[in-house]
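Trainee: Okay, here's what each chain looks like letter by letter:
Protein chains: 4
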Amino acid sequence: MTDDAGGPTASGGSREPADSADPVTASAAEAVLAGLGDIRESLEGFYKDLHQHPELGFQEHRTAGHVAQALNEWDYEVTEEVGQTGVIGVLHNGDGPTVLLRADMDALPVREQTGLPYASTATGTDSDGVEHPVMHACGHDVHVTCLLGAARLLASRTDAWQGTLVVLFQPNEENGSGARAMVDDGLAQRIPRPDVALGQHVLPAPAGCVLTRSGVMMAASDSLRVTLHGRGAHGSMPERAIDPVVLAAMVVVRLQTVVAREISATTPAVVTVGSIRAGSGPNIIPDTAELQLNVRSFDEEARTRVLAAVRRIVTSECAASGAEGDPEFETLSEFSVTDNDEEPTSRIAAAFEASFGRDRALTAGLVPASEDFGELPAGLGCPSSYWGLGGIDPDTYRKAERAGTVDRDIPSNHSSRFAPVVQPTLDMGVRALVTASLAWLAPRPKGS
Amino acid sequence: MTDDAGGPTASGGSREPADSADPVTASAAEAVLAGLGDIRESLEGFYKDLHQHPELGFQEHRTAGHVAQALNEWDYEVTEEVGQTGVIGVLHNGDGPTVLLRADMDALPVREQTGLPYASTATGTDSDGVEHPVMHACGHDVHVTCLLGAARLLASRTDAWQGTLVVLFQPNEENGSGARAMVDDGLAQRIPRPDVALGQHVLPAPAGCVLTRSGVMMAASDSLRVTLHGRGAHGSMPERAIDPVVLAAMVVVRLQTVVAREISATTPAVVTVGSIRAGSGPNIIPDTAELQLNVRSFDEEARTRVLAAVRRIVTSECAASGAEGDPEFETLSEFSVTDNDEEPTSRIAAAFEASFGRDRALTAGLVPASEDFGELPAGLGCPSSYWGLGGIDPDTYRKAERAGTVDRDIPSNHSSRFAPVVQPTLDMGVRALVTASLAWLAPRPKGS
Amino acid sequence: MTDDAGGPTASGGSREPADSADPVTASAAEAVLAGLGDIRESLEGFYKDLHQHPELGFQEHRTAGHVAQALNEWDYEVTEEVGQTGVIGVLHNGDGPTVLLRADMDALPVREQTGLPYASTATGTDSDGVEHPVMHACGHDVHVTCLLGAARLLASRTDAWQGTLVVLFQPNEENGSGARAMVDDGLAQRIPRPDVALGQHVLPAPAGCVLTRSGVMMAASDSLRVTLHGRGAHGSMPERAIDPVVLAAMVVVRLQTVVAREISATTPAVVTVGSIRAGSGPNIIPDTAELQLNVRSFDEEARTRVLAAVRRIVTSECAASGAEGDPEFETLSEFSVTDNDEEPTSRIAAAFEASFGRDRALTAGLVPASEDFGELPAGLGCPSSYWGLGGIDPDTYRKAERAGTVDRDIPSNHSSRFAPVVQPTLDMGVRALVTASLAWLAPRPKGS
Amino acid sequence: MTDDAGGPTASGGSREPADSADPVTASAAEAVLAGLGDIRESLEGFYKDLHQHPELGFQEHRTAGHVAQALNEWDYEVTEEVGQTGVIGVLHNGDGPTVLLRADMDALPVREQTGLPYASTATGTDSDGVEHPVMHACGHDVHVTCLLGAARLLASRTDAWQGTLVVLFQPNEENGSGARAMVDDGLAQRIPRPDVALGQHVLPAPAGCVLTRSGVMMAASDSLRVTLHGRGAHGSMPERAIDPVVLAAMVVVRLQTVVAREISATTPAVVTVGSIRAGSGPNIIPDTAELQLNVRSFDEEARTRVLAAVRRIVTSECAASGAEGDPEFETLSEFSVTDNDEEPTSRIAAAFEASFGRDRALTAGLVPASEDFGELPAGLGCPSSYWGLGGIDPDTYRKAERAGTVDRDIPSNHSSRFAPVVQPTLDMGVRALVTASLAWLAPRPKGS
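Heads up: the sequence lines are chains A, B, C and D, in that order. Counting in the working numbering, the first sequence runs without a single skipped number right up to 448 at its last residue. Counting in the working numbering, the second sequence runs without a single skipped number right up to 1448 at its last residue. Counting in the working numbering, the third sequence runs without a single skipped number right up to 2448 at its last residue. Counting in the working numbering, the fourth sequence runs without a single skipped number right up to 3448 at its last residue.
Looking at chain A on its own, in the form it has when it is part of the complex (with noise of 0.2 Å):
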């Protein structure tokens, strides 16, 4: 096991070293990054509000006003409401190449347990009417104030760069139909053809560090609603029932077999029951219960062997009950692999190592966890890079490293207790943003 071994995690030693160092984008960033000094408090000030502000999937009005509000003052072109609650924002800077720079803007519904002194306290309401606590566990807060950090710098230094440059702010990434639905609601029609599309995301690596990967970086990921039909009666009567909850916890335990015994060793996949229900009480044994499960693959064959098992499975547990009715399988989203293409990923390396130094810019391991953000580039026919932005304190990670306790003692996105450090996590978020775009747009000497 080498950069495989990692999930998020970094290691260095296994990349290939940048095909070279590249001068004119490290010169240009640093110009426009020569701003940030005046803007981090005002950043870190919008991210803590954010923070104690989230919005569940295409519900992200609050989070998109503020943007739009921001954009619209540094002279963008924006455009709401693209795929429900999503922004745009176009900076037309000169001929040269088109880049696109993509945050996503929603939260989960998880009950907020860092104790942050800005930690959310937030609820809202989800597709089914259900109330639940929200907080942006998977900070996707993070992405859209470096993003708007990113924004201000370059359009506030345009002497800097030529080209243009497009800020996407998209909902609903979570559940996988935010990206999608602003490209059905037009993005190409919208926008310049770009270049290339760009994206990060904060991980549980350490903050100040930034990880990118050629080729296939993060999951597909499937979640399933399956709802298991066996027979109701008075708790004291089993034997007039045919009891869910035994059923559905039969199938939990079966379907742990998946993963352990029906995919290889070195292949990657993961298949999690996120929420099991069924009954509401202690002695009335209940018609029905129900799973939603996700599962994640890294390439088609293995997604395909282990929906075909997790359906195999579900069917013939409700057999063994003797089950009447079949189950159900509802698909609750589908995300794709991201899969970064080489020539642009290895330029954001290049254009990173140059910028941070190799301590700082690493080469990512497989990350279990998924994006719809491939469906930007897809939609727009251009080629992407989307990299991984450390967000956790370098000392504690590194001492848990040590340790051994990484996966113990470091909150990852979606806990309730995930906490990215607010700095040096924005500066390299904005930094990252700034850098990686101007491997394009820096006005380059003819014939380079």
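Hints should not be assumed to be uniformly reliable.
Distance ranges between label pairs, derived from CB positions [stated by the list, open to error]: (1) D:Glu3342 x A:Gly215: 51 to 61 Å; (2) A:Gly325 x B:Lys1399: 20 to 30 Å; (3) C:Gly2381 x B:Thr1304: 47 to 57 Å; (4) C:Thr2125 x D:Thr3331: 30 to 40 Å; (5) A:Pro117 x B:Thr1304: 47 to 57 Å.
Note that these hints are calculated values from the structure, not bench results. As the structure is a prediction and not an experimental result, all values here were calculated from the model. Idealized CB from N, CA, C, for every residue including glycine.
Assemble the complex: chain A is given as a structure, and chains B, C and D must be docked to it using the hints.
Mentor: Below, chains B, C and D alone, put in the same frame as chain A:
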């Protein structure tokens, strides 16, 4: 297995013949019940209305109001709001024994699926503030209606009996706290001390039958809420989590071994997990899972053994998952066994046999359901007896019995499809209450 | 639950008192048993020798030889090799009823761990050619010894009784084929038709007690071998296998739900997987797994239901594993319920009570063990009764009973630590057989 | 996932091109291998004979005898009985490097089901005295045959190379103790110190191919025997038992969660329970159950984590069953990872590519199997490399690959149906050994 085998099913053959017929009771009952034909239609209407207006425990305001109003009309001394929503009516009718007849009034958080024209579409809010569909899925509407019918008939023919009749309408039987609440609210001070306390319960047995049993008739019941503490994480990174969904599933699976392996074949016991709840989406491993479970037993040794096994298994499965926090156990309700006193039960059985014949006056098997009825005689210091009332269309029942599909085809109490036939259920419920009470209240020749 | 609760434990209180004492039997028994003191030491020696020389079913050559030799000495007409290794002795003693007394002779493939000075170290080879340690773990050595004692005493006091005594020593009770083998080998042609067939079994109840029961006393038993077909592979490549170890484990786990969920609390049933076998090393996933399982039930409906559930679960779990071949089910043995006829059982109970007193003549609960004894009266066309014989030191038993640890501390039949106390077990076993047979054979005054 | 994904499958595209062709080696190899046609028939005969006469570890007397005889014929200095049954042959051929070539000789306790005309019907007795069918299910017969072929060809053309050739035939690789035994038996004193130690293993990859890999190539392996202590009882009285069959099943089921939940998707690991054993009949609950299990891992952190989880789960499941005795853990074998040194691996890869072409000189993925080969270079203080040798008919393999059914249709090592095709497997095995050794032993012009 003879009479122990069939749960609520009747097995007349195994009962000792009643000591002697009881012509005095039979004759008085005939007189009182002569009026049944006149009130039948009114009772049926009351029943259907009540069925359409079910109320959760301690919220039986509408039901209690109708009850109190009717009792007042019939000249009972009425006390309302005993134990929150309980109602007592007392009818003094000269010297003689005091008989208490009890009905429970509360409904269940079940979405009715009977398809009856008078099916409930009501909802109610439980003590946690959660709204549920509500249904009279346990037949308490039958109990209330029959007791009102008996109260009316007995009040209209005070010439046919002597003594004191106490009719008691109890709230919140379902979670086992209503009878206790009435006792704690001074029940013993509010009524004369009964010579006997009587009650009945509609069961999935042929309508038109009654089922008596001396000694233990219904199970002890212990309901627990168990909270399992795992550790949440992104669904794609199970290695960072302690998955409470898998833990909960393992607990449910393991709990099956308690009855299957730790209790002798001839010791009746049930462990039902009626509710399992964890997570809210496919892709976030939650922090905790919650089980609500119920244990049925018929003697203290089995009860102790099963409850200890439940705790041992839950605790050990948490350890197997490497869970950090201890599981939490919360007692939701406790019911003792329903233990019918020998003398009153024999007396009632004799009266039933004399009035209804051997074919309809059956002996009950052990009933795995539970009751808080026993709290009333315990709180009042009097003997008691409790019998079953068939509620299923006799033809349907017999057909299922011959096909061996009773358990499958006859919805039982607490099922969303539990639907007692209106007649002869209501008639028989009234007749049983009248006949049983007259076994004490019918005037007897001196010396008999 | 009263008399159904206690498995083999006695519950004297629940039995109807014997119709009437039986002074004739008691007096004849006293006469015959007067010689017990003289043969006690010899019987004890025989018992310990037999215990040290256990033989598997249909291999009871040494035991049968000793039995035949002794019966010949006492002037019985002896027939050997009935049903392979069975022995019959007939003693004609004038006109009168014919009574058959039966003992079974075979031992079990269990490694004795009693620590007794006369513990077995014997081995034997089963019908598959596999060698096992062998032990009288079910107490058949007690049965043989007691029946020889009774045979000797009755033969020595032919003045005290009249009629015909048939003593029958049966092979291979354990897998249910020995009684059938004797019947098939012409048993009915070899002996006079008995008026009654009697047998006894030593149980984990207080030594010195006997336990009778009318009607169903012992369970039906069905033993199956289930072969599960997976697909083998190197242990490191589970994805190339269909793991039969995991499949077998899931089947075992799922089978727990049959008793826990599919049978009512008051229906006694047991599903035991006594053997699981798959693979031979840590690192090769084998092709198949084999389970041997046993189902106990007390009525045909439960038996049918449980056996159907076992098949459904096995088949469905194979499907859940994606197994290619169908599972195989092989019936290893089938025992019917042991159903004691009313009249002879009452007669014996009365005789026992008259001779031993109420404290030692107890009523049995349902015994979940099984017997092929019933094949004999079925094959001979006579009524029958079968009783239990306590084998545990009474003080030890009572102490465990008070502590509620009988199940834990008192090794039961088939345990490697099952160790009946020699006395008063043997004495009582002889006395019970003599007394019960004299309830028919004691000369009665005309008209009685 | 690129080269990590495929287990033993080849993925040529992911390998860096060899630094440079190696015409010297290629030319020397051509000379030596010119004789292959003459010995092919003899080798094939030897192979089939060996396949029919498999011997368990440390019992390879016949095999070792044939090997020693042949080496003696070809003028090797032969030492027998090194590490019990190991054989060493040394051929001095002037100045130059020393190369050690290793083959392992032992077979497995598997009943062959290949249907081959030369299938094994042999049996053998393991160290516990139990007899098993025995089969060369891991292809060590291929290794022995190919090494003998290479030894013969190199001995017949000493003009084509110079230096010292050591051929080593190792016993008992399967349980990981054979290489260690040779080292402990003074291997380093018996042979000149090698410049490199080389070995190969036949794998389910296309015959005619070789597969090299730098760094970790094969898994660490830990095999354990786990004994679970329950309490036996009659099968009808589970309440008197602590059922070790159910306990063992729960352990097996729970162990599936280790790989499924406690290891990241991108960390390869395997937990296989290869054997489960409890009880001997349907109706006696046994006292104990025994599992044999194997853990595969590729780095120490994963290894530690998985082994700790196994212990935690076993111990907790015993507690969940209320088991009285602690479970016992016995280490059966331990293999470290097979870690190929960079320099020799590159050298061999270059030589293979030069001789066999890119299509047949492939790069290996991680192989989840394990090897004790590494003990030899560790004990001798020399670098090493180990490669894979395809053994499956190429057409069959490619067809299965296209159909995505390799895992299903191509029996792998340790399967009872593992059947390498004789050719081109043997030819390629000989060619690979000759070619790789000549990468050191081919005479080079000065300064090259």
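Trainee: Compare the structure with each hint and give your call.
Mentor: Structure-based check of all given hints:
Range check, glutamate 3342 of chain D to glycine 215 of chain A: Cβ separation about 24 Å, and the 51 to 61 Å hint is violated. Checking the proposed 20 to 30 Å range against glycine 325 of chain A and lysine 1399 of chain B shows it holds: the Cβ atoms sit about 24 Å from each other. For the pair glycine 2381 of chain C and threonine 1304 of chain B, the beta carbons lie near 48 Å from each other, so the given range of 47 to 57 Å is met. One distance hint, 30 to 40 Å for the beta-carbon pair threonine 2125 of chain C and threonine 3331 of chain D, holds here, with the actual separation near 34 Å.
Checked against the hint of 47 to 57 Å, the C-beta distance between proline 117 of chain A and threonine 1304 of chain B comes to roughly 50 Å, which is consistent with it.
The earlier numbered hint that this structure contradicts is number 1, and it is the only one.
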